[in-house]
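> What follows is the residue order along each chain.
Number of protein chains: 2
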Amino acid sequence: MFKTLEWTDEGVRLIDQTRLPAEESYLTCATYEDVADAIRRMVVRGAPAIGVAAAMGIALGLRDAEGDHVSELRRKFDEICETMAETRPTAVNLFWAIRRMRARFEALSDEPVERIRRELVAEAQRMYLEDIAANEAMGRNGAVLMPSAGGVLTHCNAGALATCGYGTALGVIRAAVEGGKKIHVYADETRPFLQGSRLTAWELQKDGIPTTVIADNMAGAMMSQGKVAAVVVGADRIAANGDVANKIGTYTVAVLAREHGIPFYVAAPFSTVDLDTPDGSRIPIEQRASREVTHIAGKPVAPEGVKVENPAFDVTPAKYVAGIITERGVARPPYEESLKQLAEAATVEIS
Amino acid sequence: MFKTLEWTDEGVRLIDQTRLPAEESYLTCATYEDVADAIRRMVVRGAPAIGVAAAMGIALGLRDAEGDHVSELRRKFDEICETMAETRPTAVNLFWAIRRMRARFEALSDEPVERIRRELVAEAQRMYLEDIAANEAMGRNGAVLMPSAGGVLTHCNAGALATCGYGTALGVIRAAVEGGKKIHVYADETRPFLQGSRLTAWELQKDGIPTTVIADNMAGAMMSQGKVAAVVVGADRIAANGDVANKIGTYTVAVLAREHGIPFYVAAPFSTVDLDTPDGSRIPIEQRASREVTHIAGKPVAPEGVKVENPAFDVTPAKYVAGIITERGVARPPYEESLKQLAEAATVEIS
Chain A
1 MFKTLEWTDE GVRLIDQTRL PAEESYLTCA TYEDVADAIR RMVVRGAPAI GVAAAMGIAL
61 GLRDAEGDHV SELRRKFDEI CETMAETRPT AVNLFWAIRR MRARFEALSD EPVERIRREL
121 VAEAQRMYLE DIAANEAMGR NGAVLMPSAG GVLTHCNAGA LATCGYGTAL GVIRAAVEGG
181 KKIHVYADET RPFLQGSRLT AWELQKDGIP TTVIADNMAG AMMSQGKVAA VVVGADRIAA
241 NGDVANKIGT YTVAVLAREH GIPFYVAAPF STVDLDTPDG SRIPIEQRAS REVTHIAGKP
301 VAPEGVKVEN PAFDVTPAKY VAGIITERGV ARPPYEESLK QLAEAATVEI S
Chain B
1 MFKTLEWTDE GVRLIDQTRL PAEESYLTCA TYEDVADAIR RMVVRGAPAI GVAAAMGIAL
61 GLRDAEGDHV SELRRKFDEI CETMAETRPT AVNLFWAIRR MRARFEALSD EPVERIRREL
121 VAEAQRMYLE DIAANEAMGR NGAVLMPSAG GVLTHCNAGA LATCGYGTAL GVIRAAVEGG
181 KKIHVYADET RPFLQGSRLT AWELQKDGIP TTVIADNMAG AMMSQGKVAA VVVGADRIAA
241 NGDVANKIGT YTVAVLAREH GIPFYVAAPF STVDLDTPDG SRIPIEQRAS REVTHIAGKP
301 VAPEGVKVEN PAFDVTPAKY VAGIITERGV ARPPYEESLK QLAEAATVEI S
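Residue numbers (the numbering used here), protein chains in the order written: chain A, 1 to 351; chain B, 1 to 351.
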């Protein structure tokens, strides 16, 4: 099985998601700048994977930073975190990861610098393992919500490739299939980056889970033909009121699901919940280059000079969301309350 | 200005829509088989353009058919019509064009074969001119429904490239702009064939009408941000009850429009209305090759062997349609009645 990201002595090793499915190749980022660049170029993508990759990038940068005093290390730490924070603004897991690494750094600030270096590498590795454990817990919590047989539609890739392994939305589907449910996945291709056709179909095919790729604009037709019993997607940021920022097109799927009476679920680790953001209108939405829309495989598919919108994400208001599946349990409306309750619950411990 | 299709002495000349926008090249079909192949390969596409191209193909085939007796010519006529009818099943204009050519043939069956040959060429050319006149009338009828300023979203290409000129949905937009309305077009790219980004953006750019290309899955986000004041699309077949078959993804747009309180209009010549089809469930939906979804510009964008759905069209139930703009006037719900009334109205005469 592939590994989406991995800590190695040579640096942070990533499967290159820009080359899938044609080629399964790996890239080792030897410096923190390389990691930041890989996040920016979407070599690694998916909110949970971005978070852990950033943590590993921070650990890598500190490991290789010169300096015998904690003050020197802290200056470097700030510089690295600034670089990481600027890579992609929407996924809150990135900022969560930075905060967590900073908290660990500060807790160790009276220790010898060599110990700080070592412990921050260990912290990033711990986050890696916790992410997989959280996804498995999400799978257990969400599997019961999946139909015993039927179509489940997903948008973008919220799978093993978007996380450290197993996946969030696809983790729920995997757990349901492992539990004997007969699920057929409809994977929206997810323009412009094609995470659905390139990544979701690829990893589900490896697992032998039946999958049909559709163009994004076919979701309505599939639903009206009764082929979709549930929708489950990931998230890049969830506001305190349950509004969900996720890959562009998620909102369209949510509206369609409601029109057809199909439950629309979001699966995400609790680190995706941002209680400091009251609602979706406050979530910054990354705009990406026009060229992602106007060119495919290097070939122009739109006239030169045409205007393009290319928001990477959209916001689905909480009223469309039937449940938010986390490792701590499933939040149900009203989300202001249920998310706050989960925030107070214990985190998943890895055994 | 380009011509989408044109009768010439050498055959039916078509702009090659598979090569736009990178290359503006023309293909001359010297035989009716060439015309049928061009329709099948979507060198020419769009319901009204398909109808007239088929009529020209029939005229071409008969012109070059051997035989001194009407019975020989009729055998050839039947053979040609069968080939044409099998090219694309959804667009009713194709069958309308065949019926009209057949009626003309039968009306002339006592005439010398040379006259039949000549008159059928003339009939196809008349259909060409009538199509442009119908589009201009549609434009006049529909322009008043467009906002005086604001965004208008369209899906696929229902423009000059989908017709003999001026366009249906884009004809309405053109007429509104010519009348002084400040319209900004949002063009869904329209996967998998990309008629929106490749064709709609190209022809609107030539006219200097401001256009923004978006991926299909961005339509919901644009609407929720208040950027879209109206939607206007074309149609491939309209059932007697007002259900509309149009390019895959149209239904998704219609659901989104309703959710946002945005009027959703359909513009089509009355030849698109099929009163013999009671409702949308009876409209045959063409399934196209998986490769249109799995490959872009010859490059695989999905893992080998993955399942794909690729319906070319979907059906939008009449309840989502605010009005059907035709050259005879605008039909409003209930469509059973309003379409029947328009059927009884006089056709547009060309001056």
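It should be emphasised that the hints constitute simulated quantities derived from the structure, not laboratory data.
Treat the hints with care, since some could be wrong.
No copy is singled out in the list; a pair is fine if it fits within one copy or between any two copies.
Pairs of lysine-lysine residues, derived as DSS-like cross-links and limited to a Cα-Cα distance of at most 27 Å, are as follows [stated by the list, open to error]:
1) Lys-76 with Lys-299
2) Lys-181 with Lys-227
3) Lys-182 with Lys-206
4) Lys-319 with Lys-227
5) Lys-206 with Lys-3
6) Lys-182 with Lys-76
7) Lys-3 with Lys-227
8) Lys-319 with Lys-307
9) Lys-340 with Lys-182
> Would you mind marking each hint as holding or not holding in the structure?
Results for each hint:
1. Lys-76 with Lys-299: Neither, since 41 Å and 43 Å both go past 27 Å.
2. Lys-181 with Lys-227: Within. Shortest intra-copy distance 16 Å satisfies the 27 Å Cα cut-off; inter-copy 42 Å does not.
3. Lys-182 with Lys-206: within (17 Å within a copy, 51 Å between copies)
4. Lys-319 with Lys-227: Intra 23 Å, inter 22 Å, cutoff 27 Å: intra and inter.
5. Lys-206 with Lys-3: within (13 Å within a copy, 48 Å between copies)
6. Lys-182 with Lys-76: neither (51 Å within a copy, 53 Å between copies)
7. Lys-3 with Lys-227: Classified as neither; 32 Å inside a copy, 41 Å across copies.
8. Lys-319 with Lys-307: So Lys-319 and Lys-307 fail the 27 Å test inside a copy (32 Å) and across (33 Å) alike.
9. Lys-340 with Lys-182: neither (34 Å within a copy, 47 Å between copies)
In this structure, the earlier hints numbered 1, 6, 7, 8 and 9 are contradicted, and the remaining ones agree with it.
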